[in-house]
Structures are given as structure tokens and as C-alpha cells.
Amino acid sequence: MSPGAFLQAFARLVLRTARPAQRWLRAMLSLALPAALLAWELAVHAAQVPVYLVPPPSRILAVLWTERAFYVQATWVTLGEAIAGLALGMGIALGLAVATTFDPPLERAVMPLVILLKAIPLVAIAPILTLWFGFGPIPKVLMTALLTFYPALVSWMTGLRAIDPAALELMQAWNASDWEVFRYLRWPSAWPYTFTVLKTAIPLAFIGAVVAEWTGASGGLGRAMWLAQTNLDMPRLFAATLILAALSLTGYAIAGWGERRVIRWGA
Amino acid sequence: MLEIRIRHVRQVFSTPQGEWTVFEDLNLEIPSGSFTVIVGPSGCGKSTMLRMVAGLLHPAAGEVRLGAFSPEEARAARWIGWMGQSPALLPWRTVEGNIRLALEVNGRSLRPALAVQELIELVGLRGFERAYPHMLSGGMQQRVALARTLVSGPRVWLMDEPFAALDALTREQLLEEVERLWQQFRATVLWVTHDLYEAARLADEVVVLAGRPARIRARFSIPDARPRQDERRIGEWVQVIRQALAGGVR
Numbered sequence: 001m002s003p004g005a006f007l008q009a010f011a012r013l014v015l016r017t018a019r020p021a022q023r024w025l026r027a028m029l030s031l032a033l034p035a036a037l038l039a040w041e042l043a044v045h046a047a048q049v050p051v052y053l054v055p056p057p058s059r060i061l062a063v064l065w066t067e068r069a070f071y072v073q074a075t076w077v078t079l080g081e082a083i084a085g086l087a088l089g090m091g092i093a094l095g096l097a098v099a100t101t102f103d104p105p106l107e108r109a110v111m112p113l114v115i116l117l118k119a120i121p122l123v124a125i126a127p128i129l130t131l132w133f134g135f136g137p138i139p140k141v142l143m144t145a146l147l148t149f150y151p152a153l154v155s156w157m158t159g160l161r162a163i164d165p166a167a168l169e170l171m172q173a174w175n176a177s178d179w180e181v182f183r184y185l186r187w188p189s190a191w192p193y194t195f196t197v198l199k200t201a202i203p204l205a206f207i208g209a210v211v212a213e214w215t216g217a218s219g220g221l222g223r224a225m226w227l228a229q230t231n232l233d234m235p236r237l238f239a240a241t242l243i244l245a246a247l248s249l250t251g252y253a254i255a256g257w258g259e260r261r262v263i264r265w266g267a
Numbered sequence: 001m002l003e004i005r006i007r008h009v010r011q012v013f014s015t016p017q018g019e020w021t022v023f024e025d026l027n028l029e030i031p032s033g034s035f036t037v038i039v040g041p042s043g044c045g046k047s048t049m050l051r052m053v054a055g056l057l058h059p060a061a062g063e064v065r066l067g068a069f070s071p072e073e074a075r076a077a078r079w080i081g082w083m084g085q086s087p088a089l090l091p092w093r094t095v096e097g098n099i100r101l102a103l104e105v106n107g108r109s110l111r112p113a114l115a116v117q118e119l120i121e122l123v124g125l126r127g128f129e130r131a132y133p134h135m136l137s138g139g140m141q142q143r144v145a146l147a148r149t150l151v152s153g154p155r156v157w158l159m160d161e162p163f164a165a166l167d168a169l170t171r172e173q174l175l176e177e178v179e180r181l182w183q184q185f186r187a188t189v190l191w192v193t194h195d196l197y198e199a200a201r202l203a204d205e206v207v208v209l210a211g212r213p214a215r216i217r218a219r220f221s222i223p224d225a226r227p228r229q230d231e232r233r234i235g236e237w238v239q240v241i242r243q244a245l246a247g248g249v250r
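Protein sequences appear in the order of chains G and U.
Counted from 1, the first sequence has number 151 at position 151 by the working numbering; the numbering is strictly sequential.
Counted from 1, the second sequence has number 192 at position 192 by the working numbering; the numbering is strictly sequential.
Some hints could be false.
Simulated DEER-style distance windows between Cβ atoms [said to hold, decoys possible]:
#, chain 1, residue 1, chain 2, residue 2, range
1, G, Ile263, U, Ala165, 50 to 56 Å
2, U, Arg242, G, Trp179, 45 to 51 Å
3, G, Arg19, U, His134, 54 to 60 Å
4, U, Ala61, G, Val262, 48 to 54 Å
Note that these hints are calculated values from the structure, not bench results.
Yeah, the Cβ is synthetic: ideal placement off N, Cα and C, and Gly gets one too.
Start from the sequences and build out the full structure, keeping to the hints where you can.
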């Protein structure tokens, strides 16, 4: 057998086995979560781990069910803050990204301020915001906006500049104005980046809201987590964490769905 | 239709290695309604010349005129049709949307020179109106670009190696289509290529550009009737152009 024929035969073999292997791997992964939960449950009971260290999943689910009214209310509070903060952060980021596209020197003026803001640790800002704006939703919205603003700005600035130079030259040959180049070329080019922004910023939005709630709030999942932690009430802490994870996953899935609906040109 | 006049043009680029003079004193007149093909070695300034005619680059000295107008005025009037090596289609627009783009840009709605549907049929894209560029082959994408160039009825076609990236068979088909469409539209064409066959097939006049700074090394007419299908005759012209490029004909 020549080396070429051998390679071909080998490639065929790999392809033939790869597909069933892929299917097997996917089946294993879909079983991984229930298996891990089961192992967790059994291990906690077998080792008799105290509930204030690691609660069994059954206990967490029981808390979620019996106190569902409380958790639904807390989820609404956090969700509202996260969405408002996300909208604010992304809105400012989009405005700035568009402004720097029309006036590139503006970027040099704005970016040092943005980096400065980004460099201040969250844990330092959160209590200050609470001190200034109280226990209401404003510090949470601001915190979320601060956290989501930076990745959104960087992605959009990249997206609005990532245009095909040949298309730009064509627009110039048509004597297109800056506005037309933006409308027909830059803005649609940036659409895929918008979904990247959403996928990155949605989980950050929940983190921002929860961290701000942790430093002082009258409601929300962060407040629930803080209360549970100070009382060493692990089932309640884990329950709130579980809801947060579910919220992030759902948000990410919605962004992915939107992306598939909107970006139909194989970008 | 517009004639193109390039008078005493000097063009200099600044590079890290110093100044590079592309043209020292370039003079060229291209008659209205003619098909002129510019050939020359890579990097000799063919595309630079095209960009100056389109007003995308300003000469350091001298002037470029399209009829009585500056390139900027011609551009503002949308008399310039531009087509490059890459089809530069917008991936989020359909075939029809990409062609219509040429009518939407520049503030006001232009009247199409031909109905968009008719043009789509002329370039052989019937049935693909709703397709997105990523669904099309390279040749089909260039057909869309060709239709987009022509839909606004430009008086000057500036074509920068439009078929360089295509396979020989597709290029042959497209050359036929271009010739047919040009005879219908009768625009002034400035066509840059380094494919000598393309030059012999299409040109009324061939301008051979070479040297640093670039000079017009030769210029001659090809009076043969169209469509040119006599391969032996085309081959003879290819030889003539090749000799001119090598410095044999003046």
C-alpha cells in the first residue's frame, strides 16, 4: 500500500469512527449533570457532611419549592436591575462606539477614562454607589451598567471598523457620505458583534446586580444570598446561586437564538 | 459619454523607505465611448491611475478631467462605475439588494439605466434574485458586481482587474457578457488587467504602462470587429502586446 492510499484509508477510518464517537460523547455529556447531582447527593449522605457546609441537592430543591414565592419575587428584582443596567451600559457603549467611528480622534480622548473606570475594582465601587444612592435599584443598575459597558464598547468599536476595504472603496466611488457608509456598511457589519456583546454581557449583568445587592439592598437574589451567608444557611445560598446560573444560561440561549434568527448571511 | 484626459500628472507615495514616484509626467487621452485596456507589470501604477480617474486619489501635480468635469464632480453626479478584483458584495443583502444598493447610495434615488430584473437576466442570474452572496460561486458573485456597476448607467466604467480571481472558463463567459453589455451601454471604459488575452479580446486601444516612474511604453489600436472569436488573431495581438511590454514596439 502506497503512503497516499494508506493515509486515505486512515482518514476514512477516522471519519467512520468519529461520528459514533461524537454521538457517544454528546450522550455522555447530557448524562453528566444528572450523574453529578446524584453523586453529590449520595456523597453528602454517605459522608454525613453537615448541611451548613454542603447541602444535598434534594435540600436545595426543597427550599426552592417551599419558598418559591420569595424566590420568584427576588428573581424579578434582580432581573429588572440586570436588564436596566445592561440596557444602560450597552446604550452608552453603542453611542460612544458610533461617535468614535465618525470622529476617530475622540477615541484617544475617551479610552483613558474608560480604562480608568475599568481598572477600579468592583468591590470598591459597589459600597460607594450604595452609600450615595441608597438601598433602591439605582446603585444596582449603575453597577451593572459599569460592568457591561466596557466589553460592549470594545466589541462595537471593533465591529464598526471591521468592514471590507473593497466595499468601502466602492462606496467612495459612489460618493457616499459618512452617514451612508455607516448606514449601509458599518452598522450591518457590526451586527454579529452585537450578539457577541450580548453573550458576554448578559452573565456580567447578573454579576453586577448581585454584587451591588450584596453591599446593601431591600430585595433581590444578591440580598437573599447575603442573608443566607450571614446565617450560614447553605441551602438558601445554593438555591439563589442556582437561579442565577439558570438566568445566565437562559439569557445566553436567547442571545444565541436571536443571532441565528438575525444573522442569516453565513457570517 | 465622457472622454478622459490625464495631463502632466505626477503622483508620489511616501513609504518608510522614502518617496516613491509612481508617475512623473503622465499624459493620456481616452476617447469618449472607447474601450481602453491598460496593461503593465504588477506594481507599475495601473490601479493608481484608475483611482486618480475615480477621484479616490489626488495627483500631486497635473490634472485629471472627465469631459469638462473633475473626477470629484463626476463622482458626485454618479457617472463613475467602479469594479474591483473582489466583488465586494454586502453579505447581508440578497443579489437583488446588492444590485439595488448602487441606486440607493448617494442621497437620492437614481433611475436604473435598465430595469433591475432585466439586468439580472442579462448577467445570467435569473432565479438567484433572493440568494445571498455566500450561496453563490465566485463567478456568480462577479456577475452581481457587474450588474451593480451597470445598474445606475455610469458613463465611465473603471474596472480594476475585475476577473483576475476567476477560473479561465468563467472568465471567458464573463468577457463575452462584458463585451455585449458595453456595446449596449457604450460607456467609456478604462480596464486594468495583466491578462494579455483579456486585453486582446476587449480593447479598442491598448495602453502599455511600464517603468519606474511609469511611462506609457506603447499605445495601439485593435481595429478587429466584435465579437472577437478568431483565436489565432487574438493570439497574434497577444504577441504584439507581449513584445510591447518587453520594450519591442513603440
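Contradicted hints - numbers only
1 and 3
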